[in-house]
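Participant: Letter by letter, the chains look like this.
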Amino acid sequence: MHVVHSRGDKVFRGIVTAGAMTSLIILGLIGAFLFGRGAQVFSQYGLKFITGTNWSASTEPGIPNEFGMGPMLVGTVIVSVIALTFTVPMSIAGALYIEFYAQPRVKKLLTALLDLAAAIPSLIFGLWGIQVFTNIGQRWASLLGNRLGFIPIFNTISDNYGRSPFVAGCVLASLVVPITTSVAREVYSRTPRELIDTCYALGGTKWGAIKTVVLPFGKSGVVGGAMLGLGRALGETVAVYLVLNLNFRYTFKILESEGGNVASLIATRFGEASTEELSALIAAGFVLFLMTLGVNMIASAIVTKTTRS
Amino acid sequence: MSDVTIPQPTRPWQRKRREQVRSGATFVAMAILAFAVVLFTGFAGFDGWAIVLFIISAIVLFIKGRKLSKKERKNALIQLLIASAATLAFLPWLSIFASVAMKGLAGFRINFITSDMRTTVPDDEMNMGGALHAIVGSFMMVIIASIITLPLGILSGVYLTEIKGRFTFLVRFVIQSMSGVPSIVAGLFVFTTYVSATHGPTAFGGALALGILMLPTVARTSEEVLKLVPEELRSAGYALGARQWRTTLMVVLPTVRSGLTTVAVLGVARVIGETAPLLLTAGSSTALRFNPVNGPIASLPIYVFGLLQIGTEYAVNRAWTGALVLMIFVFGLFITARKIGGKDKR
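So the sequences go chain by chain: A and B.
Numbers 0 to 308, taken from numbering that gives the first Met the number 0, label the letters of the first sequence in order.
Numbers 0 to 345, taken from numbering that gives the first Met the number 0, label the letters of the second sequence in order.
Here chain A stands alone, though its shape is the one from the complex (with noise of 0.2 angstroms):
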């Protein structure tokens, strides 16, 4: 349809333009204000700032201050995998089980659950996790750690399981299920009907028309899914920080009570920073801005991609 614009038509477009246009600004800003504080520690520091292992600000003129944020960025990466390594399974299998398993109304109730789980904010999962969950996961952790000690990564020196890695994990991943879950029913909801009678018809089980139809066509959108809830728990802050015990040092010994968390640094570190290391906590908060974004931008690429098509 042809609409002709008058005058008025033209301002009002261009003050929507305008308008939508903010959160593009907004983002630009965030990138090129966050740059600017940290740049002067980006020069200084160079790659040594994403590599190095200390982190300290001195508080004495005459000694230098070392800002290197390495075992937080690996530690992020370590309890965003060990959340999703258990999330995407359980959200698969939730999906499944919303979509295909659940009689009609325990299917509404459970939407509706999952809904409200994704309003719960990250502040009560990370009281939870301290306060309730530790108990539970501690034992879990212990038991990895009794039985499958002679694996590196389970392999632990003191006998605390608790603020470990592992633990974060699962309460990152209690919070990111619901994310994942939602985009996974999504995805499968909008399987061809026709595809899956075609497996019944064929004397296909119902495990047999998830396997051969339902699963190949979500494949994509669980992946996009999946990022998304990566984006989610790289940049979480207060349900790590409640839970795990940050220290600055590379560790892959994931039972062990230490780890590293980029938005928890921040968050830690912030109240009593000196101009210095606020600027560095800035830089660090850049750094985490890139990670997040990129996988943000592949995941809602892939996820527009799928549910349009």
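If you are wondering where the hints come from, they were derived from the structure by calculation, not from laboratory data.
Mimicking DSSO-like on lysine-lysine, the simulated pairs with C-alpha atoms at most 30 angstroms apart in a straight line are: (1) K107(A) - K205(A); (2) K304(A) - K163(B); (3) K70(B) - K210(A); (4) K210(A) - K304(A); (5) K106(A) - K226(B); (6) K70(B) - K218(A); (7) K9(A) - K226(B); (8) K338(B) - K226(B); (9) K15(B) - K205(A); (10) K73(B) - K210(A); (11) K210(A) - K15(B); (12) K338(B) - K106(A); (13) K63(B) - K210(A); (14) K63(B) - K15(B); (15) K304(A) - K107(A); (16) K205(A) - K304(A); (17) K106(A) - K73(B).
Model the placement of chain B on the given structure of chain A, informed by the hints.
Facilitator: Just chain B now, with coordinates in the frame of chain A:
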């Protein structure tokens, strides 16, 4: 023609009442058996019980399925696996709902919502002090954030559905990506641009950070809502000689008035529990404050967070009660959104 009987539809695939009762009874029996096993062996706690129950159900399944074909047995086993994994996925939330409700209610006294912490230390008994200042602070910030963000978000929605200009794809993509900006990064941004340039943390700074986090939600949901407006209404507007701006302002937007209210409510529900950005931008206080541009202000999430940091018995009890109040707000907003949103469909 009176002897024509209309056949009632039968549902042969539906399970009969007796079968339902039998499978329910089997489940209860298995649950009790699992409990007995937990009592007499090394398995401990609820998780141990769940694992035992899982193993017992697998065994029962094998016994029951011995007459079935291999394919059907596999189908049944995988159904059990999927149901168990799904239960595992849903359990944490149920545990959260239950623990927040119980521990929160245990410490709830009416003074929790009528007084602040001006003269109370976190270690005092629960019948002293409260979170009124935090509740007021939270509401002040989400209201300011809504005033700033709602127009911008709705304009984005209007752009995506009404104008459909050159940047449609870009705008949609940016909104999607922006919804993944970590909340602490939004806080850092407002800190570098606003808070450090003015005199320290304020409610307005907190509101700016919350607004950034709210914008993608508002934009996306308002696009969804505006999509529901039938194309005929727009054509009717044009046919009456109205230009696009008049059609949009006087036909399209009024049609989805309740939908846009839902958008606002969902946006507020999205950010009211945000903690990390407020840590950097709004600070905290122990007294009731109303000035949005001067001095740090308390908020419900920071109140809970701070008490958890203290970690003593009464502080933690207070934190749980604060969490309960926060949950009630979030769920209340959610249910309101559903109620209002349901009206449009009629």
